[in-house]
Amino acid sequence: MAPLRSRLRAALLAGGLLLVGGAPALAAGEALHPPDTKFSFDGLFGTFDRASAQRGFQVYKEVCSNCHSMRQHSYRNLRELGLSDAEVRAIAATVQVNDGPNDEGQMFERPGRPSDRFRSPFTNEKAARAANNGALPPDLSVIVKAREGGADYIHALLTGYSDPPEGVELMDGMNYNKYFAGRQIAMAPPLAGEGQVEFKDGTTATVEQMSRDVTTFLAWAAEPELESRKQMGVRIILFLTILGGLTYAVKRKIWSDVH
Amino acid sequence: MAIGLHESEFKNPVIRWVDARLPVFTMMQKEYGTFPTPRNFNYFWNFGGLALVNLVIMIATGIFLAMNYTAHVNFAFDSVERIMRDVNYGWLLRYVHANGASMFFIVIYIHIWRALYYGSYKAPRELLFMLGVVIFLLMMATAFLGYVLPWGQMSFWGATVITNLFSAIPLVGESIVTWLWGGFSVDNPTLNRFYSLHYLLPFVTFGVVFLHIAALHITGSNNPLGIDPKGPQDTLPFHPYYTAKDSVGLIVYFIVFAALVFFAPNLLGHPDNYTPANPLVTPPHIVPEWYFLPFYAILRAVPDKLGGVILMGGSIMILFILPWLDTSPIRSMRFRPLARIALLVWLVSFFVLMYCGAKPPEEPWVLIARLATLYYFAYFLVILPALGAKERGLPLPASISMPVLRGGGPLPAGAMAKPMEKA
Ligand code: HEM
Chain C
1 MAPLRSRLRA ALLAGGLLLV GGAPALAAGE ALHPPDTKFS FDGLFGTFDR ASAQRGFQVY
61 KEVCSNCHSM RQHSYRNLRE LGLSDAEVRA IAATVQVNDG PNDEGQMFER PGRPSDRFRS
121 PFTNEKAARA ANNGALPPDL SVIVKAREGG ADYIHALLTG YSDPPEGVEL MDGMNYNKYF
181 AGRQIAMAPP LAGEGQVEFK DGTTATVEQM SRDVTTFLAW AAEPELESRK QMGVRIILFL
241 TILGGLTYAV KRKIWSDVH
Chain B
1 MAIGLHESEF KNPVIRWVDA RLPVFTMMQK EYGTFPTPRN FNYFWNFGGL ALVNLVIMIA
61 TGIFLAMNYT AHVNFAFDSV ERIMRDVNYG WLLRYVHANG ASMFFIVIYI HIWRALYYGS
121 YKAPRELLFM LGVVIFLLMM ATAFLGYVLP WGQMSFWGAT VITNLFSAIP LVGESIVTWL
181 WGGFSVDNPT LNRFYSLHYL LPFVTFGVVF LHIAALHITG SNNPLGIDPK GPQDTLPFHP
241 YYTAKDSVGL IVYFIVFAAL VFFAPNLLGH PDNYTPANPL VTPPHIVPEW YFLPFYAILR
301 AVPDKLGGVI LMGGSIMILF ILPWLDTSPI RSMRFRPLAR IALLVWLVSF FVLMYCGAKP
361 PEEPWVLIAR LATLYYFAYF LVILPALGAK ERGLPLPASI SMPVLRGGGP LPAGAMAKPM
421 EKA
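From first to last, the protein sequence lines stand for chains C and B.
The first sequence: position 9 = 9 (the working numbering), numbered continuously.
The second sequence: position 158 = 158 (the working numbering), numbered continuously.
A couple of the hints might just be wrong.
To be verified - Straight line, CA to CA, 35 Å or less: simulated DSBU-like cross-link-like pairs of lysine-lysine: (1) B:LYS30 with B:LYS359; (2) C:LYS200 with C:LYS178; (3) C:LYS178 with C:LYS38; (4) C:LYS200 with C:LYS61; (5) B:LYS390 with C:LYS253; (6) C:LYS61 with C:LYS253; (7) B:LYS359 with C:LYS178; (8) C:LYS253 with B:LYS359; (9) B:LYS11 with B:LYS30; (10) C:LYS61 with C:LYS38; (11) B:LYS359 with C:LYS38; (12) C:LYS200 with C:LYS38; (13) C:LYS178 with C:LYS126; (14) B:LYS230 with B:LYS390; (15) C:LYS178 with C:LYS253; (16) C:LYS38 with C:LYS253; (17) B:LYS30 with C:LYS253; (18) C:LYS230 with B:LYS359.
Unchecked claim - Okay, the calculated beta carbon distance ranges per label pair: (19) C:ASP42 with B:VAL172: 49 to 59 Å; (20) B:ARG82 with C:SER256: 46 to 56 Å; (21) C:PRO101 with B:ILE59: 40 to 50 Å; (22) C:MET171 with B:PRO279: 51 to 61 Å; (23) B:PHE320 with C:ARG50: 53 to 63 Å; (24) B:LEU211 with C:VAL95: 55 to 65 Å.
For the record, the hints were derived by calculation from the structure and aren't laboratory data.
Every value quoted in this text rests on a predicted model; they were computed, and no experiment measured them.
For each residue, glycine too, the CB sits at the ideal point set by N, CA and C.
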């Protein structure tokens with residue numbers, strides 16, 4: 001039974017190491033755990049910083065939307081971020097939407113309306129891959145919920161590009177990013193330098209700032225219900241706590257003759 | 001009182017009129033009003049009622065989700081996202097339903113554990129217990145089917161892995177899998193039938209729950225001492241005593257539920273399920289929902305596929321014969337010092353399996369899962385039968401009211417029916 005015993009020892013050892021040492025040294029290809037970033041929407045009372053989310057939309061529109069779709073969103077949803085009706089209409093009208101058929105049976109292009117979904121950069125997956133060296137830029141509608149680490153991860157990923165360390169050979173068309181699984185990502189650094197976008201409110205567009213803003217925007221996009229959800233939660237739990245106290249008092253009164 | 005009418009004791013003329021013809025009010029009064037209930041329940045006895053509430057919540061939220069859900073591979077994912085965004089309070093419905101499944105399993109696991117600890121599966125409650133196991137199986141099937149509906153990556157790959165298990169059956173396995181799928185892979189026909197069954201099974205569950213409760217009201221409840229009530233001094237009418245006590249537990253349950261739904265709605269879910277199903281991309285780790293992890297670990301602990309499937313099925317089926325494996329006449333583990341330790345270790349093995357189930361199938365997790373699996377079965381097949389013959393239990397109290405009223409009597413300190421409900 002020697003193999004069993006040595007395996008048992010290995011098991012105990014591994015267990016012990018986990019308890020004592022925390023995460024063992026990471027192999028070269030393994031992704032780093034994204035650091036905890038403070039966001040306006042964290043915590044029990046968190047809300048979306050509207051100014052940041054609006055700037056984030058601008059980053060999405062000017063940068064990310066060249067490659068990434070957001071199929072679950074309509075332009076009208078932007079009103080929730082504090083944009084006015086007129087602004088939403090103007091934004092929607094900047095894209096051309098395929099519509100039809102008309103009375104003659106023809107498809108036609110028309111300017112977008114607030115009720116239209118965000119226009120996708122590619123008509124299908126094949127086109128998206130063809131334009132991106134075979135890689136597929138995922139839809140960003142719920143990306144914050146679709147990744148371990150959520151907003152922390154997205155922010156870490158967007159700011160986590162660097163030159164590969166000594167001895168790491170990048171595959172063709174790949175970029176080194178220590179937060180991405182496998183550390184080689186097909187997306188070239190989308191936020192490359194200060195001033196890549198020009199924020200209307202005068203905020204300096206550093207990479208860190210653009211990344212935070214677009215992450216805030218994507219977090220809102222993934223969970224537009226977050227604010228009302230948390231508000232409702234606080235009220236309901238307060239209510240239940242009070243009701244629980246009263247119920248407990250009633251229960252004690254009813255049971256007082258039993259003990 | 002005309003012949004053929006029930007002799008109703010209700011004063012209100014309308015209630016009395018109905019009750020005389022269909023004595024539902026008398027029945028409710030008998031089964032939930034005056035129903036004699038052991039006076040020494042602790043809060044573990046709350047969980048059956050909580051499970052019933054949970055089932056009702058699942059059905060209520062499920063019906064409203066179904067009004068907005070589209071069971072088609074091209075639209076399912078988007079229809080769920082539409083529920084989250086455009087249906088009024090749709091996010092609430094969905095998060096209550098998704099987390100409700102988790103709450104349901106938490107409640108049921110505690111409920112089953114209570115039965116194991118206090119020997120509620122023993123005579124005369126064997127059938128009651130077995131009906132409970134049937135409910136548990138139905139719940140597991142329902143939850144598995146439901147998890148497929150949002151048609152994310154884990155939905156698709158979980159369905160693929162689990163349905164593929166049937167292919168382990170010799171000779172007919174492959175045909176069964178094709179039959180389950182309605183084709184040659186998990187696809188639109190699979191989604192459609194899963195949706196149909198997901199809608200159906202909760203109502204079947206409801207029927208079995210009715211039988212479960214009917215059986216309970218024949219044998220009456222067990223209690224923490226595991227001894228039978230000797231007379232009225234040992235019981236209390238269900239109302240107001242246990243309606244009041246159950247209400248306290250119910251609110252605590254709602255607080256935990258609300259904390260999940262409002263502040264951590266995706267904590268127990270898997271991020272991959274927010275990526276639409278893609279048959280061409282296999283996720284690196286396919287893991288089932290947390291409540292299936294112990295059984296998943298047992299499945300993977302066996303190197304042989306068929307063996308794993310048999311052991312996984314056996315880990316639940318064994319509960320059906322538990323009443324006959326445990327031959328000790330003593331119900332409550334309070335009076336079985338050895339079996340009690342063995343059962344606590346069994347609980348540990350259950351959690352260890354749950355942990356291993358979430359890990360990739362590598363060492364040391366496989367080995368640990370094997371040891372835990374071994375103990376899981378040994379508890380039922382070796383330890384309980386052996387202890388039934390060998391163990392000398394502690395002396396049982398003369399009656400329920402004795403230790404409760406006088407606080408002790410012949411009991412050793414630890415085994416005393418400490419009135420937890422002293423409150
Ligand atoms: C035993 C009771 C039930 C359990 C344990 C259960 C469990 C589940 C689970 C785990 C999901 C996946 C949730 C997610 O991750 O999105 C789900 C989805 C769903 N269930 Fe149920 N369910 C139950 C009863 C019902 C009933 C009675 C109905 C219909 C009348 C229903 C309708 C649906 C629908 C339409 C979905 C898809 C929407 C969604 O994914 O959120 N469920 N169920």
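Between the beta carbons of C:MET171 and B:PRO279, is the distance compatible with 51 to 61 Å?
The hint (51 to 61 Å, Cβ to Cβ) is violated, given that C:MET171 and B:PRO279 are roughly 25 Å apart.
If you draw a straight line from the CA of B:LYS30 to the CA of B:LYS359, is it 35 Å or shorter?
violated (50 Å)
Distance restraint between C:LYS178 and C:LYS38, which requires alpha-carbon spacing of 35 Å or less:
Distance ~20 Å between C:LYS178 and C:LYS38 Cα, so the pair holds.
Please work out if C:LYS200 and C:LYS38 have their alpha carbons no farther apart than 35 Å.
Holds, because 24 Å separates the two Cα atoms, which is no more than 35 Å.
Mind checking the alpha carbons of B:LYS359 and C:LYS38 for me, to see if they're no more than 35 Å apart?
Satisfied, since the Cα-Cα distance of roughly 30 Å is no more than 35 Å.
Against the 35 Å threshold, does the CA-CA distance of B:LYS359 and C:LYS178 hold or violate the hint?
At roughly 23 Å apart (the allowed maximum being 35 Å), C:LYS178 and B:LYS359 satisfy the hint.
Quick check on a hinted range of 49 to 59 Å for C:ASP42 and B:VAL172, using CB atoms only.
holds (54 Å)
Starting from B:LYS30, check that the Cα of C:LYS253 is at most 35 Å away, please.
holds (24 Å)
Run the distance test for C:LYS230 versus B:LYS359: straight-line Cα separation, threshold 35 Å.
Given pair C:LYS230, B:LYS359 holds - Cα atoms ~32 Å apart, limit 35 Å.
Hinted pair, alpha-carbon criterion (35 Å max): B:LYS11, B:LYS30. Please report holds or violated.
Holds - the C-alpha atoms of B:LYS30 and B:LYS11 are around 16 Å apart, at most 35 Å.
Between C:LYS253 and B:LYS359, does the CA-CA distance stay at or below 35 Å?
Given pair C:LYS253, B:LYS359 is violated - Cα atoms ~49 Å apart, limit 35 Å.
Sort out whether C:LYS253 lies within 35 Å of C:LYS61, counting only the CA atoms.
Not OK: C:LYS61 and C:LYS253 at ~63 Å, beyond 35 Å, violated.
Checked against the numbered hints given earlier, this structure breaks hints 1, 5, 6, 8, 15, 16 and 22; the rest are met.
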